[in-house]
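S.K.: Construct the complete structure from the given sequences, taking the supplied hints into account.
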Amino acid sequence: MAIAAIIAVAALLIWGFGSIIARLAGAIAVFEGLLRIGVTGSTPAAYAILAAGLVIWMTGHWIWAFKHKAWRTQLALTAYSLPGIHHLAPIPTNHTTKQAQRTAVWPSNRTEMNR
5 MAIAAIIAVA
15 ALLIWGFGSI
25 IARLAGAIAV
35 FEGLLRIGVT
45 GSTPAAYAIL
55 AAGLVIWMTG
65 HWIWAFKHKA
75 WRTQLALTAY
85 SLPGIHHLAP
95 IPTNHTTKQA
105 QRTAVWPSNR
115 TEMNR
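The numbers in the numbering used here rise by one with no breaks, and the one at position 87 of the sequence shown is 91.
Some hints could be false.
Now the in silico label distances, taken between C-beta atoms and shown as ranges [as the list claims (entries may be wrong)]:
(1) Asn98 to Val59: 13 to 23 Å
(2) Ala6 to Leu79: 33 to 43 Å
(3) Leu58 to Leu16: 24 to 34 Å
(4) Ile32 to Gln78: 19 to 29 Å
(5) Glu36 to Leu79: 16 to 26 Å
(6) Lys73 to Tyr51: 30 to 40 Å
Rather than coming from a laboratory, the hints here were simulated on the basis of the structure.
All of these numbers come straight from a predicted model, not from anything done at the bench.
By construction, the Cβ of each residue, glycine as well, lies at the ideal position given by its N, Cα and C atoms.
M.R.: Here it is in structure tokens:
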């Protein structure tokens with residue numbers, strides 16, 4: 005019974021403060037990873053910290069978007085609009101399919117000259 009209460013309190017804290025904490029922790033980890041790459045060079049640990057920071061940061065934005073049904077920043081919307089990642093988004097993004105991109109028609113010069 006005590007374990008269920010601990011899980012319930014943890015879930016409430018994550019729901020209430022998880023997006024802010026995850027975005028802040030992710031930004032700090034990204035900064036640390038970039039700093040390590042700049043100071044110590046390209047090491048696997050530096051890239052692992054950088055990747056973990058990006059995942060934590062994106063998780064924070066995912067929680068925010070799920071709760072508020074809106075993207076917190078334009079950067080988060082752009083990140084979740086990338087091919088492949090848009091499938092993970094909890095709300096619609098700006099992703100356009102290749103089929104929609106191919107249907108765009110540009111006016112030709114001949115058509116404009118004949119007018």
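S.K.: None of the hints should be skipped; say for each whether it holds.
M.R.: Cross-check of the supplied hints:
Distance hint check for Asn98 and Val59: the Cβ-Cβ separation is about 21 Å, which falls inside the suggested range of 13 to 23 Å. Judged by the Cβ atoms, the range 33 to 43 Å given for Ala6 and Leu79 holds: they are separated by roughly 41 Å. Look at Leu58 against Leu16: about 27 Å separates their beta carbons, and that is inside 24 to 34 Å. In this structure the supplied range 19 to 29 Å holds for Ile32 paired with Gln78, their Cβ-Cβ distance being about 21 Å.
Evaluation of the 16 to 26 Å hint for Glu36 and Leu79 yields a pass: the beta carbon distance comes to about 19 Å. Distance hint for Lys73 and Tyr51: a CB-CB separation of about 34 Å, consistent with the stated range 30 to 40 Å.
Of the numbered hints given earlier, the model fails none.
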